[in-house]
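Undergrad: Listed below, chain by chain, are the residues.
Number of protein chains: 2
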Amino acid sequence: MTLLSLNSSSLENFLLQKLSRVIGQAPIRIVLPSGSEISPRHAAPAGTLVIHDRQTLLRIILSPEIEFGDAYTEGRVEIDGDLVEVLAAVFRSLSGRNPGSWFARLRSKLLEWTQANTLHGSREHIHRHYDLSTDFYKLWLDSEMLYTCAYFESPSVGLEAAQLDKMDLVCRKLQLQPGERVIEAGCGWGSFALYMAEQYGVRVKAFNISQEQLAYARATGKRRGLADRVEFIEDDYRNIRGKSDVFVSVGMLEHVGTENYRALGEVIHGTIGNSGRGLLHFIGMNRPRPLSAWIRKRVFPGANPPTLSQMMPPLFEPWNYAVLDVENLRLHYAQTLRHWRNRFERSTDRVAQMFGEQFVRLWRLYLAGSEAGFVAGSLQLFQLLFAGSECRQIPWIRAHLYEKIQQTAKQEAKWMHAAS
Amino acid sequence: MTLLSLNSSSLENFLLQKLSRVIGQAPIRIVLPSGSEISPRHAAPAGTLVIHDRQTLLRIILSPEIEFGDAYTEGRVEIDGDLVEVLAAVFRSLSGRNPGSWFARLRSKLLEWTQANTLHGSREHIHRHYDLSTDFYKLWLDSEMLYTCAYFESPSVGLEAAQLDKMDLVCRKLQLQPGERVIEAGCGWGSFALYMAEQYGVRVKAFNISQEQLAYARATGKRRGLADRVEFIEDDYRNIRGKSDVFVSVGMLEHVGTENYRALGEVIHGTIGNSGRGLLHFIGMNRPRPLSAWIRKRVFPGANPPTLSQMMPPLFEPWNYAVLDVENLRLHYAQTLRHWRNRFERSTDRVAQMFGEQFVRLWRLYLAGSEAGFVAGSLQLFQLLFAGSECRQIPWIRAHLYEKIQQTAKQEAKWMHAAS
Numbered sequence: 001m002t003l004l005s006l007n008s009s010s011l012e013n014f015l016l017q018k019l020s021r022v023i024g025q026a027p028i029r030i031v032l033p034s035g036s037e038i039s040p041r042h043a044a045p046a047g048t049l050v051i052h053d054r055q056t057l058l059r060i061i062l063s064p065e066i067e068f069g070d071a072y073t074e075g076r077v078e079i080d081g082d083l084v085e086v087l088a089a090v091f092r093s094l095s096g097r098n099p100g101s102w103f104a105r106l107r108s109k110l111l112e113w114t115q116a117n118t119l120h121g122s123r124e125h126i127h128r129h130y131d132l133s134t135d136f137y138k139l140w141l142d143s144e145m146l147y148t149c150a151y152f153e154s155p156s157v158g159l160e161a162a163q164l165d166k167m168d169l170v171c172r173k174l175q176l177q178p179g180e181r182v183i184e185a186g187c188g189w190g191s192f193a194l195y196m197a198e199q200y201g202v203r204v205k206a207f208n209i210s211q212e213q214l215a216y217a218r219a220t221g222k223r224r225g226l227a228d229r230v231e232f233i234e235d236d237y238r239n240i241r242g243k244s245d246v247f248v249s250v251g252m253l254e255h256v257g258t259e260n261y262r263a264l265g266e267v268i269h270g271t272i273g274n275s276g277r278g279l280l281h282f283i284g285m286n287r288p289r290p291l292s293a294w295i296r297k298r299v300f301p302g303a304n305p306p307t308l309s310q311m312m313p314p315l316f317e318p319w320n321y322a323v324l325d326v327e328n329l330r331l332h333y334a335q336t337l338r339h340w341r342n343r344f345e346r347s348t349d350r351v352a353q354m355f356g357e358q359f360v361r362l363w364r365l366y367l368a369g370s371e372a373g374f375v376a377g378s379l380q381l382f383q384l385l386f387a388g389s390e391c392r393q394i395p396w397i398r399a400h401l402y403e404k405i406q407q408t409a410k411q412e413a414k415w416m417h418a419a420s
Numbered sequence: 421m422t423l424l425s426l427n428s429s430s431l432e433n434f435l436l437q438k439l440s441r442v443i444g445q446a447p448i449r450i451v452l453p454s455g456s457e458i459s460p461r462h463a464a465p466a467g468t469l470v471i472h473d474r475q476t477l478l479r480i481i482l483s484p485e486i487e488f489g490d491a492y493t494e495g496r497v498e499i500d501g502d503l504v505e506v507l508a509a510v511f512r513s514l515s516g517r518n519p520g521s522w523f524a525r526l527r528s529k530l531l532e533w534t535q536a537n538t539l540h541g542s543r544e545h546i547h548r549h550y551d552l553s554t555d556f557y558k559l560w561l562d563s564e565m566l567y568t569c570a571y572f573e574s575p576s577v578g579l580e581a582a583q584l585d586k587m588d589l590v591c592r593k594l595q596l597q598p599g600e601r602v603i604e605a606g607c608g609w610g611s612f613a614l615y616m617a618e619q620y621g622v623r624v625k626a627f628n629i630s631q632e633q634l635a636y637a638r639a640t641g642k643r644r645g646l647a648d649r650v651e652f653i654e655d656d657y658r659n660i661r662g663k664s665d666v667f668v669s670v671g672m673l674e675h676v677g678t679e680n681y682r683a684l685g686e687v688i689h690g691t692i693g694n695s696g697r698g699l700l701h702f703i704g705m706n707r708p709r710p711l712s713a714w715i716r717k718r719v720f721p722g723a724n725p726p727t728l729s730q731m732m733p734p735l736f737e738p739w740n741y742a743v744l745d746v747e748n749l750r751l752h753y754a755q756t757l758r759h760w761r762n763r764f765e766r767s768t769d770r771v772a773q774m775f776g777e778q779f780v781r782l783w784r785l786y787l788a789g790s791e792a793g794f795v796a797g798s799l800q801l802f803q804l805l806f807a808g809s810e811c812r813q814i815p816w817i818r819a820h821l822y823e824k825i826q827q828t829a830k831q832e833a834k835w836m837h838a839a840s
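Chain order of the listed sequences is A and B. The numbering used here puts the first residue of the first sequence at 1, with every later residue one more than the last. The numbering used here puts the first residue of the second sequence at 421, with every later residue one more than the last.
Here chain A stands alone, though its shape is the one from the complex (with noise of 0.2 angstroms):
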């Protein structure tokens, strides 16, 4: 990358190399109101920061992950190309480099403590994202409103299909039998657990603490009959009790944060004890690294994505608990977000009315940085099967997984090269 320094600046020159540096180099076009900018030389750009004022550039500078986000909120800076190629592009760029300076570390670090996942504060947290309003996830979720990563049998299949398959591959996962109890931790608006009594007969208790979703959960289940059979409780999930078969969480790890994995191991081993089994489904790092500080401030505050090796010693390993598979389903997080932008982008009117245009503009961010994420690799998205030492239901081999799967969509789905 070269600076190509005509109509600008000294200074300007100066500030774009500097911010060249803290993106890792990308492949990135920037340019200023005055026309300065820099260019890529060995590679096409994969897309254009438009930056509108000097101070924003500066600010970014100093702390980029919060001020650009800050800045593209507020319409500061644009990207002119695929919002998600150039977060990508940042992304990767940035993916062989040590956490930021040390100012960066200490503000990530300090926001970590400001927004702890006590039991005040998981509340505090999930009510400001989950509790925004359901009305609001209508508008892109899919008709079962599942806020977590989509199993797509084949890349073809659609947002709708692909949340029910992922439904059904978690309880053949989990081999559920008729009459089994299951505590499910963290259940949104309830639709899997729903899934879970009508499609394979278990008797579920799912908790939650966003109340909007679980009033949501309630109703639905009375609806389809099977409120019985469903029990839906607000409480954190340190203060489930109650003997079960089977644990699942589906999309609730990733909130947890890695100071209280021992409780929740704790929590388990509570309800399934040494013969039952669980899965774990969550967002995961390949190696230990904060959340974006700007995700964390704005959209999703004590998250903390946590990589294998961080929680599976407090997790499993105090009760001798086995891993029996792990499945690694990032690329299909990429496609479950392309599916909701998309979906959002047709209903951003709506959105601007009930929240403000710059909110449409923070939560295009979101959605996009998140897909980014998954297709750079920066995030991960691990399920995960375990079993107690006296389990007795362990698969001999993995085929009944894949028993249901069309033998097209096993064809179409056989080779898959991550998009670049």
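The set of hints was computed from the structure by calculation and includes no laboratory data. We put the CB at the ideal spot given by N, CA and C, even for glycine. Fair warning: there could be bad hints in the mix.
[Claimed, not checked] Facing chain A, from chain B, some residues (calculated, C-beta under 7 angstroms):
{"id": "1", "residue": "Asn706"}
{"id": "2", "residue": "Asn740"}
{"id": "3", "residue": "Tyr822"}
[To be verified] In silico negatives: residues of chain A with every beta carbon more than 12 angstroms from chain B:
{"id": "4", "residue": "Leu226"}
{"id": "5", "residue": "Val299"}
{"id": "6", "residue": "Pro395"}
Using the hints provided, position chain B relative to the given structure of chain A.
TA: Showing chain B alone in chain A's frame:
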């Protein structure tokens, strides 16, 4: 459990009670030559441990793992009943326990130090076990001479087919393509390297430090006309150089030692870089524990099966490698060992001629103890697929792994209850 004190001196009673605690109150009847015995009160005994003299009793109490193993080898103790069941009962009873007294832990640590896996140490250790004599291993391994866990598409499949199926499963997991370059670390008698070249058209460099195995591998490669596509190299994994698309290792990691994982990670990254992929197949544990001191002293010097959370940070995190798929095949290793043990028992006359009666007993205890470890869950078998951050061969779903598997086998394999 209680003490039936008929015909027994109070000292013997005291020692029997001590021993019963040492084996975690496992439901085992213990009998001394005087007629003193102790029996489980609440459960039918899994078998009877007959101890031939009081000194042996005392030594087993003081250093159970090593002294029991040596006493069994020398015929100073006998097991009445199924050897695997008795050992599995003990392993289950001990599974919740801390790893022994300070004395046992110190002894275990000392053994670790004296058996460090330096370049020289590894060569000594591997020589001691794998160079015993190819003729000996021919007596009880399959015809491909695979001395690692097989993959039984259903429990009724035979060992020969299951070893071929294991090799093919690993190739399918790696999605090998014709012309690709593969590095195999720890290639045993060479069958898997030859299988990959023959069935998937790849070029293989296969490393091993066991001379006798390599001589066999080279001769087989020549005979099968594969010498131009499979190169067998006598060298330590730490000296592996050259680029490849794929890194694979079946049954080596448990001999590497945690202190060398970072070096192994560097070797892997040096060969496949950020664009490659790899698979590690290894004996592992649910939580960090030293392997049986007797096994390390008499059978596998330097062996150290890791937990997933021990091997992931040094091997994968420095290079931002993603874990794509983990499968736990411990029941398949129990089944493999059952086959090996049955074949071994049919050849004990021949083994006794080669190495003497005590060796027969030692090897019987090692095979039965390993089987019991996998049955009881003290040992796990992990197949772990991973990929670099720029790898473009990420499987979309895993259905392609199960296309070859017959419907009947799928039905039969659907459920497997762990032997108890």
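Undergrad: Over 12 angstroms from every CB of chain B: does A:Pro395 meet that, or does the non-interface label fail?
TA: A:Pro395 is in fact no farther than 12 angstroms from some Cβ atom of chain B, at 7 angstroms.
Undergrad: Does the claim that A:Leu226 lies outside the interface with chain B hold up, using a Cβ gap greater than 12 angstroms?
TA: holds (27 angstroms)
Undergrad: Grab the minimum beta-carbon distance between A:Val299 and chain B and tell me whether it stays above 12 angstroms.
TA: The claim stands: A:Val299 keeps its Cβ more than 12 angstroms from every Cβ of chain B (closest is about 24 angstroms).
Undergrad: Do the numbers back the hint for B:Tyr822, that is, is its least Cβ distance to chain A under 7 angstroms?
TA: With Cβ-Cβ at 4 angstroms, under 7 angstroms, it holds.
Undergrad: Would the hint on B:Asn706 be counted as holding, given a Cβ-Cβ threshold of 7 angstroms to chain A?
TA: Interface hint status for B:Asn706: holds (5 angstroms vs cutoff 7 angstroms).
Undergrad: Could you check if B:Asn740 really has its C-beta closer than 7 angstroms to a C-beta on chain A?
TA: Hint on B:Asn740: holds, closest Cβ of chain A at ~5 angstroms, below 7 angstroms.
The structure fails to meet hint 6 from the earlier list, while all remaining hints are met.
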